[in-house]
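2 protein chains.
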Amino acid sequence: MRGAVLHAPGDIRVEEREDPRIGAPTDAIIRLSATCVCGSDLWPYRGIDKVAEPAPMGHEYVGIVEEVGSAVRNVRKGQFVVGSFFASDNTCDICRAGYQSSCVRRVGVGANGAQAEYLRVPLADGTLVATPDVPPADLIPSYLAASDVLGTGWFGAVAAEVGPGKTVAVVGDGAVGLLAVLAARHLGAERVIAMSRHEPRQNLAREFGATDIVTERADDGVARIKELTGGLGADSVIEAVGTQESMMQAIRATRPGGHVGYVGVAHDVRLPGDELFFSHVHLHGGPAPVRRFLPELIELIGSRRIDPGKVFDLSLPLDQAAEAYRAMDERRAIKVLLQPEESDK
Amino acid sequence: MRGAVLHAPGDIRVEEREDPRIGAPTDAIIRLSATCVCGSDLWPYRGIDKVAEPAPMGHEYVGIVEEVGSAVRNVRKGQFVVGSFFASDNTCDICRAGYQSSCVRRVGVGANGAQAEYLRVPLADGTLVATPDVPPADLIPSYLAASDVLGTGWFGAVAAEVGPGKTVAVVGDGAVGLLAVLAARHLGAERVIAMSRHEPRQNLAREFGATDIVTERADDGVARIKELTGGLGADSVIEAVGTQESMMQAIRATRPGGHVGYVGVAHDVRLPGDELFFSHVHLHGGPAPVRRFLPELIELIGSRRIDPGKVFDLSLPLDQAAEAYRAMDERRAIKVLLQPEESDK
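Protein sequence lines, in the order shown, are assigned to chains C and F. According to the numbering used here, the first sequence is numbered sequentially starting from 1. According to the numbering used here, the second sequence is numbered sequentially starting from 1.
Quick caveat, the hints were computed from the structure, so don't treat them as lab data. Hints are supplied without guarantee of correctness; some may be wrong.
Identical copies look the same in the list; a pair holds intra-copy or inter-copy alike.
[As the list claims (entries may be wrong)] In silico lysine to aspartate or glutamate, EDC-like type, Cα no more than 16 Å apart, as pairs:
#: 1; residue 1: 226; residue 2: 93
#: 2; residue 1: 166; residue 2: 93
#: 3; residue 1: 77; residue 2: 53
#: 4; residue 1: 77; residue 2: 323
This is chain C alone, in the form it adopts within the complex (with noise of 0.2 Å):
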């Protein structure tokens, strides 16, 4: 099969892969629809995590299930699932209690390689969830941000406890930023404040359900929000960046009280006690479960009632995934689409 490889920083090449086959009875195998190019792909690409070997990359992923190992109950072949970036058992402890992406026996689906034509996903009863039918070709993208972004931006709207009557700010206007725009609309959000200062970003914000646009970054930022909340900060701040500067803006911009989600994954980042300490917020976030959401996301978007699809402003045949990463990279794109070729299948 064709897959995209990192060879180095800069350097994406897609090229034959080995087939993934079934290695233990819990594993799956997949014939992707759709993958794409995550914002956290872009840190090996540009250099900033290293790049020891050639690696295959994606972990954003939705297809038809090609084959299943002897131990799997829960998804069968033909079906359309919705899968994502850790494989969890989804029956231990820490998964019953919502946090699949660190269930005991995680493991990274991203090591395979889902910027490919089939992917092996482990543990496949517990990270797979089909929707009721094969779906129609336009809903694949909304399903494919199901499997990362919008789940990702779900879980920060749920960890910065959003809900009705709140007001919200997003640090971030990536396609995670952007969603958690969206989710938090979809719970209930008062006021959604996104921080952004481009244009086609600041649009799509509004298209989800943004009230007011800031920006203004950093304490200007900050600034900004207070004299919006009537100098008190937002009730909830959704971070989705991942740097020291969006941490303390995220955090300078919640008012005593208030809840900070943080889903940028955290790169150099060094939280001051003391001034944590007296900011009175609470903190958490991580890796998102998008194991949690996937069956509330996959109704929704099965019901038109969401359309997370629109983040994926470019769609390029997964050949020419090299281009996709520089369009990200070069912020021409918020998040470009991967259509694997399948005439030959």
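Keeping the supplied structure of chain C fixed, place chain F upon it in accordance with the hints.
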């Protein structure tokens, strides 16, 4: 009047200070029935927090209202009242959300020096809570504990989302940690693990409801907590020290999805963002909004359902404040109660 003043590290003197007077119409003057030395008083006493000029000390107090300003409505002369270290209006949005120690009008009471015969309390209506009657002498230590250490331990337990059936670990065996054990048990925890290597404190922890004692510290302590919790970590961990080591111990001893409640005043703490991210814990804490809990705590103490006054294992006349500080600094006493001399009033 007489009051304790810190002149330099290690140099506490009880000397003549000016009698406090009503300054604003919202002030009250209290004749102190009892006051005490706090673990946080040891930071400047040890020279870790700088002492720029002679500073009146103490922020824990109970006493009889001597005089109120013209705007005070909720307390009156002759009542026995409990207050806490931040004065708050108890009416702003932040107070009404339960974060009185971040009240938009908050004033530190400590600058007025509660280790004295009299104390001026600003924003008396929002800050002071009266007991139904002037209590018998044997309950005074428990009410005094409510003023800070009990309220702080209680907030730690609430911030750590302690509840029925949960396993709770407490990092720190000072008065706050020990009273966090009491709070955790009262809030329904099934198992309360106190981390302490000092036998008298272990005994008091057991008396307050600890079911297990862990003597190991740092990573060994974390390993022991994991052993006791099926490898997962505790549901709730209360941090009552405020150092880098104790914070990391608390975070690492908490299971994914669990809650850390931190109430030790942070000193030189820098939390690593990546470890925090992947820990999946909830983090909440800060200066305890003691005022939130005072009505409930006063009721529990008055009906003798809890006996937090047991943390005072030494009681001295106010004039011996220097010895009180030494005893706590050398860990000869858990917490020292000071009795103001009132013979001439």
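Evaluation of the provided hints:
Taking the shortest Cα distances, residue 226 and residue 93 sit within 16 Å of each other only across copies (14 Å), while inside one copy they are farther apart (40 Å). In the homo-oligomer, the alpha carbons of residue 166 and residue 93 lie at most 16 Å apart only across protomers (13 Å), although the nearest pairing inside one protomer, at 31 Å, exceeds that limit. Neither within a single protomer nor between protomers do residue 77 and residue 53 lie at most 16 Å apart by alpha-carbon distance, with minima of 34 Å and 77 Å respectively. In this homomeric assembly, residue 77 and residue 323 never come within 16 Å of each other (Cα to Cα): the closest approach is 33 Å inside a single copy and 78 Å across copies.
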